[in-house]
Structures are given as C-alpha cells and as structure tokens.
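Novice: With chain A held as given, fit chain B onto it using these hints.
2 protein chains.
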Amino acid sequence: MNDNSSFKTFADKTRPSIKEGIQRVITQSGDHGCGGLKEMITYQLGWTGENAGPEAEGKQIRPLLVLLAAEAAGGEWRRALPAAAAVELIHNFSLIHDDIEDRSDTRRGRPALWKLWGEAQAINTGDAMFALANLAVLNLEDTTTNEISLQASILFNSTCLRLTQGQHLDIHFEDLDHVSYDDYWLMVAGKTAALLAFCLEVGALSAETSPEIQSFYRDFGHYLGLAFQVQDDILGIWGKKDKIGKSNIGDLIERKKTIPVLFGLNQKKEFYKRWSSGPISPEDVLELSQLLEAEGSLAYAQTEAERLTIQALAALEKAQTQGEAGSALRELADKLLNRSK
Amino acid sequence: MNDNSSFKTFADKTRPSIKEGIQRVITQSGDHGCGGLKEMITYQLGWTGENAGPEAEGKQIRPLLVLLAAEAAGGEWRRALPAAAAVELIHNFSLIHDDIEDRSDTRRGRPALWKLWGEAQAINTGDAMFALANLAVLNLEDTTTNEISLQASILFNSTCLRLTQGQHLDIHFEDLDHVSYDDYWLMVAGKTAALLAFCLEVGALSAETSPEIQSFYRDFGHYLGLAFQVQDDILGIWGKKDKIGKSNIGDLIERKKTIPVLFGLNQKKEFYKRWSSGPISPEDVLELSQLLEAEGSLAYAQTEAERLTIQALAALEKAQTQGEAGSALRELADKLLNRSK
Chain A
1 MNDNSSFKTF ADKTRPSIKE GIQRVITQSG DHGCGGLKEM ITYQLGWTGE
51 NAGPEAEGKQ IRPLLVLLAA EAAGGEWRRA LPAAAAVELI HNFSLIHDDI
101 EDRSDTRRGR PALWKLWGEA QAINTGDAMF ALANLAVLNL EDTTTNEISL
151 QASILFNSTC LRLTQGQHLD IHFEDLDHVS YDDYWLMVAG KTAALLAFCL
201 EVGALSAETS PEIQSFYRDF GHYLGLAFQV QDDILGIWGK KDKIGKSNIG
251 DLIERKKTIP VLFGLNQKKE FYKRWSSGPI SPEDVLELSQ LLEAEGSLAY
301 AQTEAERLTI QALAALEKAQ TQGEAGSALR ELADKLLNRS K
Chain B
1 MNDNSSFKTF ADKTRPSIKE GIQRVITQSG DHGCGGLKEM ITYQLGWTGE
51 NAGPEAEGKQ IRPLLVLLAA EAAGGEWRRA LPAAAAVELI HNFSLIHDDI
101 EDRSDTRRGR PALWKLWGEA QAINTGDAMF ALANLAVLNL EDTTTNEISL
151 QASILFNSTC LRLTQGQHLD IHFEDLDHVS YDDYWLMVAG KTAALLAFCL
201 EVGALSAETS PEIQSFYRDF GHYLGLAFQV QDDILGIWGK KDKIGKSNIG
251 DLIERKKTIP VLFGLNQKKE FYKRWSSGPI SPEDVLELSQ LLEAEGSLAY
301 AQTEAERLTI QALAALEKAQ TQGEAGSALR ELADKLLNRS K
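These protein sequences, in sequence, are chains A and B. One point on numbering: in the working numbering, the residue at position 207 of the first sequence is 207, and numbering is uninterrupted. One point on numbering: in the working numbering, the residue at position 279 of the second sequence is 279, and numbering is uninterrupted.
No lab work stands behind these hints: they were computed from the structure. Incorrect hints may appear among the rest.
[Unchecked claim] Below, a list of computed lysine-lysine pairs in the DSS-like style, where the Cα atoms sit at most 30 Å apart:
id, chain 1, residue 1, chain 2, residue 2
1, B, Lys115, A, Lys115
2, A, Lys256, B, Lys38
3, A, Lys256, B, Lys256
4, B, Lys318, A, Lys115
[Stated by the list, open to error] Facing chain B, a subset of chain A residues (Cβ under 7 Å, in silico):
id, residue
5, Thr27
6, Ser29
7, His32
8, Gly33
9, Cys34
10, Ala128
11, Phe130
12, Ala131
13, Asn134
14, Leu135
15, Asn157
16, Gln167
17, His168
18, Ile171
19, Phe173
[Said to hold, decoys possible] Derived list of chain A stretches under chain B, where covered just means 3 residues or more per stretch with a C-beta under 8 Å from a C-beta of chain B:
id, segment
20, 63-71
21, 177-191
22, 309-323
For glycine and all other residues, C-beta sits at the position ideal for the given N, C-alpha and C.
Just chain A, with the same shape it has in the complex:
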C-alpha cells in the first residue's frame, strides 16, 4: 500500500481526534487523588513513559474501523468518536489483563504494565480502563441519540463478555492435549473477531443505517477477525523477525494450539510424533516448521485465510459502502491479511 492510500489519508486525518476522545473521557472522570492511576493508563496507551510515541501507541486499527464504518455507511465519523475511544480503551484493557494472564513481559517494544507497577496495580488499572471504556461508549448520547447510545452499550458489553469467553477458552486450551477445530473457531470468534465485529457494527449503527446493513458490517468484521487470526497463526510459525530483532515465530516453543498446529496434529505423522515427544527448543523450530509445511499445514491455513477473506469481502459488498471510506475498508482488509509481521 502506498502512502497516498485512502486508508492512510483517513487515518492521518482522524487519529488526533481519537486521542482527544480518549483524553476527554479520562479527564471528565476526575482523578480523585489518583494521579498514579492516570499515569499507568497513559503509559498503557503509549502516551507517557520511556519510549512513548507512535510505536508504543500501536496501530489503532480498531478505532479507525469504527470511524471508517460510520463514513462508509453514509454517516459522519465525528459522531462515532465516542465508540472509537471506547474500543481503543477496551482493547488496551484486554492487553493489560492478557499480559498478566499469559506472563508476557513486553508490549509494543516496552515493558508490560505489570512488569513496571506490579500485578495488583496492573489488574486494577485494567479494570479502570474497562469502566472508562463504558463511559466513552455512553458518550454517544451526545453525538447521536439516547437510543443509539443504549443499543451501542448493550452491544459493547455483550462484546466484552465474548472477549472473556474467548480468553477463557484460550487459557483452558493450554491444559488440553487435543483441541477440535470447532473449539478453536469458538475461541477465535470470541477473542479476536468479536471486537472487530463490534467496531464495524457500531460505526454503521452511529450512521443510523438499517439493522440489516448493520449486520453486514458486523459480518465483515467477524470474518475479517477470523482471517486476521489465521494470518497471525501463520506468522507465529513462518513469520520473519521484525526490525528490532524480536522473533515473532515463538508459537511452536510456547506450544500454542494454533490452526496450523491443530492441522499438523490431526495428520498423526512426523510433526505429531515430534510434538508429542516433549518440549520444543528454539533450535528445533526451523525443522518443525518445515515439517509442518511439508505435511500440508501452511497450505491448509492459507486456504482457510483466503476462504474467510472472501467471506469478509462478500459481506462488505452487501453492505453497499459509500465513497472513499468504503475503499479504505477494502484496503485495510487487504493490508491486514497480507502483512508479514
């Protein structure tokens, strides 16, 4: 994608407003003597602390999806800003808790929040961001209508519940020898796809489109999320090291039960034997990833990603998007699914 893409133009135009929207909800809530809590929240958002800046802020794909959907559905992106702030806050809430739950030390090239402030404060800061996210989405009453704000809040918390259901399964899978494809898709639908589906749906909702059109946006987000996760699974085994030298290909060492691994285990061939025989060291990774590829696992995962992308784009087609924002959504789908890290 070149720098003059519809997506980049839109992202450059709207990013400052997304940040303002988040700042607004943090400020309007007051700090009640809790400057320390605010410091942790802004660290997590990448605004403060060592190495604060664009890298630490992350790509902010989710709020951009909200705003793009609002425009593509014939609305105005500014009216959807409270929802965009909400999804960025809830995404960061889930990152804080996931990092504790998964014992991940780093996040976006910096120490994870819990490594700096301890687990207790980090759990609590995540909870504060959950409350802030709800306050943000409820602010839709200022930019749209009471009815839309209510409906969006119900959708939002149903989505948050789906996130925890997905995370529950993901943690649970660590203890299992065998995970079925069905259970895998159930997990991904909650952990990854639910929030993307919400982003698209709430954008369309803010534009006051029909429930049917909203459901096409939701479907686009859902399949985009599933495809995105399969792509992530592929990169976790066959990806390249990123520019700061951090390996993205640690999934085999961590024994994550991703879709290529489930396929490999189902073959009951060499990969299955090797996986079942014990721990996997960094030295084994290359050989094992080649074994998986030879047994058809990479091809299978790529076919799945393509199938899901086609479903996503078919839903987007039905949504009858308008103008540049519609093009930007298609571009973004393309960008997410053809990334190399």
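Specialist: Just chain B now, with coordinates in the frame of chain A:
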C-alpha cells in the same frame, strides 16, 4: 434486631428475585462453549461448588439497599431489580480481583476463586462479571425508561471507576510510611462508600424521584459507607473471633493503615515506636491493641463512626422516605454500625 424486623421481612421477600435477576442476565448472554466460565461465576456467587449456600452467598446488603431505596422513594422494588443484580455482580467482580491483588486465600469461608482455578482464569472471570453487571444495569430499559437506563449506566460506570481509584490508593498505601487522614478518606470514599452511594441513588432514580431527593439518598449511602468502613477498621483491631474460629483481628499483623492506626501513629507515643520498630507478630496483637486504646485511638474511631452515622441519618431524614422500606433502611444502618463481626 429481631426476626420480625422490617428489614428481614423485606429481605426474605425479595432475595429470590435478586437471584433470578442475576440468573437472567447470565442466561440471556449465552455461554458459547464456556460452561467452565459459568461454573466459576456461580461458584463466586455462592450458588455452586463445595459448601454452596447462604453462607457462601454472602449477606447481599447492596442489592437489598437498591430495592429498599426504590420502595422508600415511592417506587416499586421490582422495577429496580436489574440494578440490584448489577451491584451484586459488580461487588463479586471486585471481590475476585481484590482477593488476587491482596493474596487472600479465602472468601466467605471457602477457597477464593483464584486458589481453585488459578490467577489467569480468575482475573478473566472477574472481567466477565464486569460485563454482565453492565448488561444487568442496562436491562433497566425493560423495567423503567430508556433515559433512566442510560443515566443509571453512566452513574454505574463512574462508580466502578471510583472503586478502582479507591483500590489504587489502598494498594499504594502499602508502600508508604505515612498516610494522611485526607488520603484515607479519599481511599474509603472510593473503595467502600461509592458503591453504597450508587445503590441508594439508583434505587431512588428507578422510582423517578427528583434529582434533589436522589442526592439525599446518595449522601445517605456515602456516609453509611464511610461509617461502615470505620466500624470495619475498629473490628479489625478490637473485634472478636467469629463462630468458625477465624480471627477478624488481623489488621495490625498485616500493618493495614486503618483510621485507628493513623490516629495512633499521629500521637508519636508508644504505639508509634512499637509500629516503627518492625513486624508485628500474633503474640504482639493484644498488647498493641491495648496500647492503641490507651492512647485514645478506639475512642477517636468510635467518635468518627458516630459523627458519620449522624450525617448518614440526617441525609436519610431529608430524603423523606416512605413506609416500611424507610424504617428498614434506618434499621439496616443501625445493624451495619452496631455489628460485632
């Protein structure tokens, strides 16, 4: 309080409906293959698992306060049920996370959730209950109006944020040598009083009383919460062992900076010297509590509790409560502040 009190009559009548209200929101959300998550939620609520039952369910004071306020303000308790379900869910959410943050092994006579299922699942289950609590409060749209549901949701999440601000300070105080009275009250206002204030206010809101009357209910809850905490602080040092033999008087050993301790430290006498000289063992507790009492700490805390109780009752007076529910609220205030454990 005898068994024919207004409070007990009301509690016996409404408790089954509170449980139904919570069950409803859990069921309507679906489990998406997450029976295990539902199992943890119902364990936390005291409904399932070893020793499930009334003891494990807890006193459910908060949902009862919501319903009593609704009745006392001239409304119908059934219309406030979604808010009652929400406060019981959010109270349990905060207990799950607090137990992890404080490393507490037991809760209501049973192993804390994280001791049975591990930290990762427990953090995530708390998050699920946060989402469920929001879905519950939003259900007010079915029993009241869209406007009340929206207003209650905003109040609810502002309250949740206050809870996390109080918890932030509480954790932070562990690292400090000196805590001021002002900071203490700020912490208690968030950690204990905010949710009680919400319970009373949302009950009155559901009855569609004026904003002024709602604010009197809120004030009653706020001061009740502060007084309740001071009483808790007193019991944490001079309380009795409860019937199952568990000591409630461990606050000195844990070096909690409660109001009697802050008073004692401010005297800069014997208690201060002893506290500053190092760890406090179970054998030291009796002597230290006697020292504190001799230096005026117990009398000070009791005076504070009385002062706050008077403020609570003055607010309740202004709220012009109606009927039996008003009497029950006064009874409950009396019961909470004159308990021995």
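Novice: For each hint, tell me whether it holds in the structure or not.
Specialist: Each hint, compared with the structure:
no.	hint	result
1	B/Lys115 <-> A/Lys115	holds (22 Å)
2	A/Lys256 <-> B/Lys38	holds (24 Å)
3	A/Lys256 <-> B/Lys256	violated (42 Å)
4	B/Lys318 <-> A/Lys115	violated (49 Å)
5	Thr27	violated (12 Å)
6	Ser29	holds (5 Å)
7	His32	holds (5 Å)
8	Gly33	holds (5 Å)
9	Cys34	holds (4 Å)
10	Ala128	holds (4 Å)
11	Phe130	holds (6 Å)
12	Ala131	holds (4 Å)
13	Asn134	holds (4 Å)
14	Leu135	holds (5 Å)
15	Asn157	holds (4 Å)
16	Gln167	holds (5 Å)
17	His168	holds (4 Å)
18	Ile171	holds (5 Å)
19	Phe173	violated (11 Å)
20	63-71	violated (count 0)
21	177-191	holds (count 4)
22	309-323	violated (count 0)
The structure does not agree with the numbered hints 3, 4, 5, 19, 20 and 22 stated previously, though it agrees with the rest.
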